[in-house]
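**Q** So you can see what is in the structure, the chains are spelled out below.
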Amino acid sequence: MLLTGISVIFIRNLFAVVVLAGMFSLLAAVLYVVLDAVDVAFTEAAVGAGISTLLLLGTLALTTDKELAKTKIKIIPLLLVIFTGSVLILGTRDMPNFGDAKAPANLHVAPRYIEESMKETGLPNMVTSVLASYRGYDTFGEVVVIFTAAIGVLILLGQGYRKSRRGSGKIINKNSGEAE
Amino acid sequence: MDFPGLINYWIVIILMMVGFYIVIAQGNLIKKIIGLNIFQVSVFIFYITVGKVSDGSAPIMAAGIDTYSNPLPHVLILTAIVVGVATTALGLAMIVRIRTAYNSIESDEIERAEILEDDK
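Residue numbers (this note's numbering), protein chains in the order written: chain A, 1 to 180; chain Z, 181 to 300.
Chain A with its partners taken away, still in its complex shape (with noise of 0.2 Å):
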């Protein structure tokens, strides 16, 4: 997974790192899998790996795969990166180890959900009934973020842009942001 990130940086057409991308998408669903998280790896499979992607290879379709510059490790960034890592490889000293059932954040209001959302909803799955009717305002304003930025995207290459491509004699593409 690491790997597959680090190309990214180094691979300079565009096609490969966007077909990277998908596959380290698919590589974090997969880890969630071992992680318990079954159902957070079913949308980064699907969304993550698949409407990701499709957006990307649009946007490749659309513009160019060919990256021009010279990929060069930059001095400055690369210091200023490894100095942001190290301050919080600091940090993690005072972190709960990985799995443990005694961490803070494992003790507040999970276990409630865990007991009684069986009783309180009649659903099997926490992680639905958490996110359809205890935090179902959250839901509801994802759902308006989604709204916005397919506005957004709509205002962006709606109208106007399609006009300016007709002026430059070249074929028309569907949005593809529509689809959100």
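Some clues are possibly wrong.
Taking lysine to aspartate or glutamate pairs in the DMTMM-like style, the calculated list, with each CA pair at most 20 Å apart, reads [unchecked claim]:
id : chain 1 : residue 1 : chain 2 : residue 2
1  : A       : Lys66     : Z       : Asp298
2  : A       : Lys74     : Z       : Asp298
3  : A       : Lys66     : Z       : Glu291
4  : Z       : Lys212    : Z       : Glu291
5  : Z       : Lys300    : Z       : Glu289
The hints are simulated quantities; they were obtained by calculation from the structure and are not laboratory data. Please read these numbers as outputs of a predicted model, since none were measured by experiment.
On the provided structure of chain A, position chain Z as indicated by the hints.
**A** This is chain Z only, laid out in the frame that chain A set:
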């Protein structure tokens, strides 16, 4: 320190830094978006690993299982993945638009074109 220990956080941080480096050091806009995605996925993995409980199973009620992983981070990340795709779509739409305006998707070329325009 026993084996899994804190290694999950370190993996997350390394991935996150790879994404961060791509975002700040690469000139190509599509690569920048992919870097942003890598950064995002590393945050997702962080949440999921925090919610993992040793010997726990997926948070779906079943007879004979009494240890479950924490369902709350899963829900949050489920939402975040979909929102992430929405932002990716918006960013890509902007790239397509920038390409029609400047005929390039490299940030340094776009800067050069802007300077040329200012000189006119």
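**Q** The structure should be examined with respect to each hint, and the outcome stated for every one.
**A** Going through the hints against the structure:
1. A:Lys66 to Z:Asp298: violated (27 Å)
2. A:Lys74 to Z:Asp298: Violated, at roughly 28 Å.
3. A:Lys66 to Z:Glu291: It holds: about 19 Å lies between the C-alpha atoms, which stays within 20 Å.
4. Z:Lys212 to Z:Glu291: holds (16 Å)
5. Z:Lys300 to Z:Glu289: The given pair, whose Cα atoms are some 17 Å apart, holds under the 20 Å limit.
The structure fails to meet hints 1 and 2 from the earlier list, while all remaining hints are met.
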